[in-house]
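K.L.:
The chain contents come next:
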Amino acid sequence: MSIPGLSGGPPGLSEFDPGQGEDASPVELSVRTHSSGPETEYRFEASFTSPVSIKLLSGSAELFGTELAPQVAYTFAGTKAAIFTWDGAALEVTGSPQSAHGTGDTSMNQAANIHFALEDLRVAAEQRHGQGPRVMVVGPENSGKTSLVKILAGYSLKMGRQPVVVNLDPSQGLLSMPGALTATTMATVVDMEEGWGSSPISGPSAVPVKMPLVFHYGCQKAGGSLGLYEQLTRRLGWAVGTRLDEDRDAGSSGCLIDTPGSLAGDHALIKRVASVFSVDIVLAIGPEALYNDIKAQFPDNVPEEKPVHVLQLDKSSGCVDRTDAYMKQFRQNQIRQYFFGHPGMSLSPFTQFVGFNEITIFRINEDQQPSTTDLISDDSEDDDEDDYEPAPVSTAKLERITPSLMLQNIVLAVTHANPTDNTDNILASSVLWYIYVAEVDESKSRLKIISPISGRLPMKALVFGGWPEGVPDLAA
Amino acid sequence: MDSSEIAEDFRDALEDLKSNSKAEIDNLTVIAKENTAHAQALCKVLEQHIKTTRPEWKLPALLVLDSLVRHIGPPYSTYLGQNLFQTFMNAYTQVTNATRRDMEAVFRTWKQPRTGSRDTSPVLAHEITFRIENALDKIGALNQQPRTATPPMPLPLPLPPQNSVSAAYLLKELQSHTPQTFTPPPPRIFTPPPLPQIFTPPPQPAPTIPTFPSQPMAAPIVPPSALLAALRQAGLSSLPVSAVPATPAPPALAPALLPTGPSGISLTNESIRVRRPHLIAQLYQHNPNQCKQCGRRFPSTTAGSDAKLKHLDWHFSVKTRISDNTTVNHRSAYLDEIEWTQLRESSDDAERPLNTAEETQKEDVWVPMPSNSALHNVPCSICMEKFVTVWHATAQQPVWMDAVLVGGKYYHASCYEEVHGGSGSGGRGLPVRNGGRSGEPAFKKRKF
Numbered sequence: 001m002s003i004p005g006l007s008g009g010p011p012g013l014s015e016f017d018p019g020q021g022e023d024a025s026p027v028e029l030s031v032r033t034h035s036s037g038p039e040t041e042y043r044f045e046a047s048f049t050s051p052v053s054i055k056l057l058s059g060s061a062e063l064f065g066t067e068l069a070p071q072v073a074y075t076f077a078g079t080k081a082a083i084f085t086w087d088g089a090a091l092e093v094t095g096s097p098q099s100a101h102g103t104g105d106t107s108m109n110q111a112a113n114i115h116f117a118l119e120d121l122r123v124a125a126e127q128r129h130g131q132g133p134r135v136m137v138v139g140p141e142n143s144g145k146t147s148l149v150k151i152l153a154g155y156s157l158k159m160g161r162q163p164v165v166v167n168l169d170p171s172q173g174l175l176s177m178p179g180a181l182t183a184t185t186m187a188t189v190v191d192m193e194e195g196w197g198s199s200p201i202s203g204p205s206a207v208p209v210k211m212p213l214v215f216h217y218g219c220q221k222a223g224g225s226l227g228l229y230e231q232l233t234r235r236l237g238w239a240v241g242t243r244l245d246e247d248r249d250a251g252s253s254g255c256l257i258d259t260p261g262s263l264a265g266d267h268a269l270i271k272r273v274a275s276v277f278s279v280d281i282v283l284a285i286g287p288e289a290l291y292n293d294i295k296a297q298f299p300d301n302v303p304e305e306k307p308v309h310v311l312q313l314d315k316s317s318g319c320v321d322r323t324d325a326y327m328k329q330f331r332q333n334q335i336r337q338y339f340f341g342h343p344g345m346s347l348s349p350f351t352q353f354v355g356f357n358e359i360t361i362f363r364i365n366e367d368q369q370p371s372t373t374d375l376i377s378d379d380s381e382d383d384d385e386d387d388y389e390p391a392p393v394s395t396a397k398l399e400r401i402t403p404s405l406m407l408q409n410i411v412l413a414v415t416h417a418n419p420t421d422n423t424d425n426i427l428a429s430s431v432l433w434y435i436y437v438a439e440v441d442e443s444k445s446r447l448k449i450i451s452p453i454s455g456r457l458p459m460k461a462l463v464f465g466g467w468p469e470g471v472p473d474l475a476a
Numbered sequence: 001m002d003s004s005e006i007a008e009d010f011r012d013a014l015e016d017l018k019s020n021s022k023a024e025i026d027n028l029t030v031i032a033k034e035n036t037a038h039a040q041a042l043c044k045v046l047e048q049h050i051k052t053t054r055p056e057w058k059l060p061a062l063l064v065l066d067s068l069v070r071h072i073g074p075p076y077s078t079y080l081g082q083n084l085f086q087t088f089m090n091a092y093t094q095v096t097n098a099t100r101r102d103m104e105a106v107f108r109t110w111k112q113p114r115t116g117s118r119d120t121s122p123v124l125a126h127e128i129t130f131r132i133e134n135a136l137d138k139i140g141a142l143n144q145q146p147r148t149a150t151p152p153m154p155l156p157l158p159l160p161p162q163n164s165v166s167a168a169y170l171l172k173e174l175q176s177h178t179p180q181t182f183t184p185p186p187p188r189i190f191t192p193p194p195l196p197q198i199f200t201p202p203p204q205p206a207p208t209i210p211t212f213p214s215q216p217m218a219a220p221i222v223p224p225s226a227l228l229a230a231l232r233q234a235g236l237s238s239l240p241v242s243a244v245p246a247t248p249a250p251p252a253l254a255p256a257l258l259p260t261g262p263s264g265i266s267l268t269n270e271s272i273r274v275r276r277p278h279l280i281a282q283l284y285q286h287n288p289n290q291c292k293q294c295g296r297r298f299p300s301t302t303a304g305s306d307a308k309l310k311h312l313d314w315h316f317s318v319k320t321r322i323s324d325n326t327t328v329n330h331r332s333a334y335l336d337e338i339e340w341t342q343l344r345e346s347s348d349d350a351e352r353p354l355n356t357a358e359e360t361q362k363e364d365v366w367v368p369m370p371s372n373s374a375l376h377n378v379p380c381s382i383c384m385e386k387f388v389t390v391w392h393a394t395a396q397q398p399v400w401m402d403a404v405l406v407g408g409k410y411y412h413a414s415c416y417e418e419v420h421g422g423s424g425s426g427g428r429g430l431p432v433r434n435g436g437r438s439g440e441p442a443f444k445k446r447k448f
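Order-wise, the sequence lines are chains A and B.
Quick note on full-length UniProt numbering: the first sequence kicks off at 1 and runs consecutively.
Quick note on full-length UniProt numbering: the second sequence kicks off at 1 and runs consecutively.
There's no promise every hint is true.
Stated by the list, open to error - Cross-link-like lysine-lysine pairs, in silico, PhoX-like; alpha carbons within 25 Å at most:
hint, chain 1, residue 1, chain 2, residue 2
1, B, 319, A, 55
2, A, 271, B, 292
3, A, 315, A, 271
4, A, 55, B, 308
What the hints assert, rightly or not - On the chain A side, residues computed to face chain B include the following (Cβ under 7 Å):
hint, residue
5, 67
6, 68
7, 69
8, 86
9, 113
10, 189
11, 202
12, 203
13, 239
14, 245
15, 348
16, 349
17, 353
18, 408
19, 416
I should point out that these hints are in silico values taken from the structure, not numbers from a laboratory.
We put the beta carbon where it would ideally sit given N, CA and C, even for glycine.
Just chain A, same shape as in the assembly (with noise of 0.2 Å):
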């Protein structure tokens, strides 16, 4: 699919077929109204840089599980949606959405099965004052994950549940940069337009403020720098189990875990995650081949083992490729919208100097790869059937550097811990905010940064782990 401005080619890698609905072409600027049947959905783009409004004329409707208000227009731009109807809908769809169609063929039966299967753990956990479903959400590249999360995240908001939503795909973020590793417990209403919603800002927010606990991981890929990834889903797992625990309504909801799809491709490391948050359903999405390999790692004739269920969820005909310039424009707005806020609340974070000095900046250093044999702990006897062993110790280093060049227009994680401790507290520490560095002045050795707090930088370790990449034109 293109982007505009970008290429200007032919839709074509999209999987939308032009010929299947009402709506059939991508239509010039203006109005049109799209009726859709009971239990059909209307797929749209929107593309950055055009955007798309669309307004519940009359019966429901639903973007990934949050339902539309009656009569009033969502504006939708770098979107790939779909809105459902259960029971039919009028939909007016104002301006020119990349292609648009209308389907039944849609996966709506099962999420909505799940949701329900989970609501009754739910109702069980909440009369013996126990935990609720802790659910973990497998596939592989666009297959829909993040869609189903929302979903079942926006079903159980609909139910009065307060379910802690779990971000372990460093490629986007939730309510934070990308690179991050989140979670979030989410008690209002998802925000139909921007996401999820925005994290807390300084003033009144329309759609209620969601707080996420945020992990800077700084690579691109799960496996990116090994040993990082599981040490911070470790601390995640760490946090998140102690707010369901000692949060009565979020632990009677459970939690929602969204992972990277190329988490899809190492089923050893699928079971360590589930271990770490107690995972009791896996739902893994696409090809029977990834759910058997999963449903291998949870054997059921194990009696004895708290049962993790393995369910196979169909890939939705409405999952479209996302190019890798559509996502670099996706995680670029999400930048910029973390500094800047959204259309409906913009923000102005401050710009100020800070001389190299007043700040100690350490690089994550992925490069060195640990050969296996480091990985692997040394307790040789472990055999194969241990399903526990030790996951592998970070070898992620930290690596103090002065500013450089090389800083420019970079993101970097404002950590809570202090420069002085110790690089693994470092590493594993969560992050207070994000500043942008817009200039890097050598000569007079100072930085020019954007934050969005004002006042001195506080005296805290800043860390830059490579990703997410520049953004050139932030601040202009």
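Since the structure of chain A is already known, use the hints to place chain B on it.
P.N.:
Coordinates of chain B only, in the frame set by chain A:
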């Protein structure tokens, strides 16, 4: 039979230990007792098992450790004592809070003399227990710290070191002690305790068999007698069958993940593919009273209408605040781990301002942080110290805790109270926002 074989069998038995089954733990104790010659290897296996097993199975394994040091004593207490800090604290950081309470209960008994023994020395030597005690104390100090003046979720400002005990602290503590070598203890004469003692449950504050609310699990299927039989077959145990306590009733079945619930859906690939249109009404028709602004639904009951009214009030107040807001906004800071785990979300139809007795006490006195950034560093006009800024979850904005605004000047509530409100017992002179607090000593903020 050499150590590695016995250790291997012992590990297998440990891996089958998934509940606090007394019979299984006793069996393991008997096995260990009969193989004191291989104590070092067995201890290593046990430590490794506690370290690597799933969090919900750590407590049973720790109870084995407890049983070995309590009922057998040396050499097990010596070997296990060497790495006990790591073993215990590592597990402690990974288990649920309920389990932590149980672990603390077990730990307390280690500081006391063995029950039924004339020896008055504690189960484990003071040198072994004091480090764990210290660490637990520090965490306890954090948990019990009166948070009256501190906000429910302080912004991650650098805390004084004594307050910053946290997972990070524990981790650091653990890391600093990690590389351990297993040095054999000086040989000791092993005096076996009278056998019956092994089978009497410790009458001391016995670790309550916790039900694992978070980790429903099925009852152990392998009966301990079968386990023992298997071990006997392996030549490990010469214990007569009669000595094995009758298979205890399996621990009360924790409600397992039910395959089917009221919805009639079971967690199978077939069941989740069945179309169930009748369930969808729970998402829509059951709650017909819809908010026209955001689409949120409420039931058509009196309670539903009340909730909707509060919800609409919330929309209104937010809209008013957005339109009144003349200053620019910026992104707020994220919380740290401890603060996040203590955060509680409030739905947008929650009571506002807070008026439950408990929360009023906790919430104390605050004012919204001035939006004018020039005022951000304004100190208290009395003590000239800066205010503590926190993100206030209910107000959805950053606030200054323990602060009041009087005549355009900001004061610490406690300072103001002290100067203007007399003794501080009634807090009469205090203009407060949310009812304020009463009877709070007003002296904590002043430093002379």
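K.L.:
Each hint should be assessed against the structure and marked as holding or not.
P.N.:
Hints, verified against the model:
no., hint, in the structure
1, B:319 / A:55, "holds, 21 Å"
2, A:271 / B:292, "violated, 44 Å"
3, A:315 / A:271, "holds, 22 Å"
4, A:55 / B:308, "holds, 23 Å"
5, 67, "holds, 4 Å"
6, 68, "holds, 6 Å"
7, 69, "holds, 3 Å"
8, 86, "holds, 5 Å"
9, 113, "holds, 4 Å"
10, 189, "holds, 6 Å"
11, 202, "holds, 5 Å"
12, 203, "holds, 4 Å"
13, 239, "holds, 5 Å"
14, 245, "holds, 5 Å"
15, 348, "holds, 4 Å"
16, 349, "holds, 6 Å"
17, 353, "violated, 17 Å"
18, 408, "violated, 22 Å"
19, 416, "holds, 5 Å"
Checked against the numbered hints listed earlier, the structure breaks hints 2, 17, 18; every other hint is satisfied.
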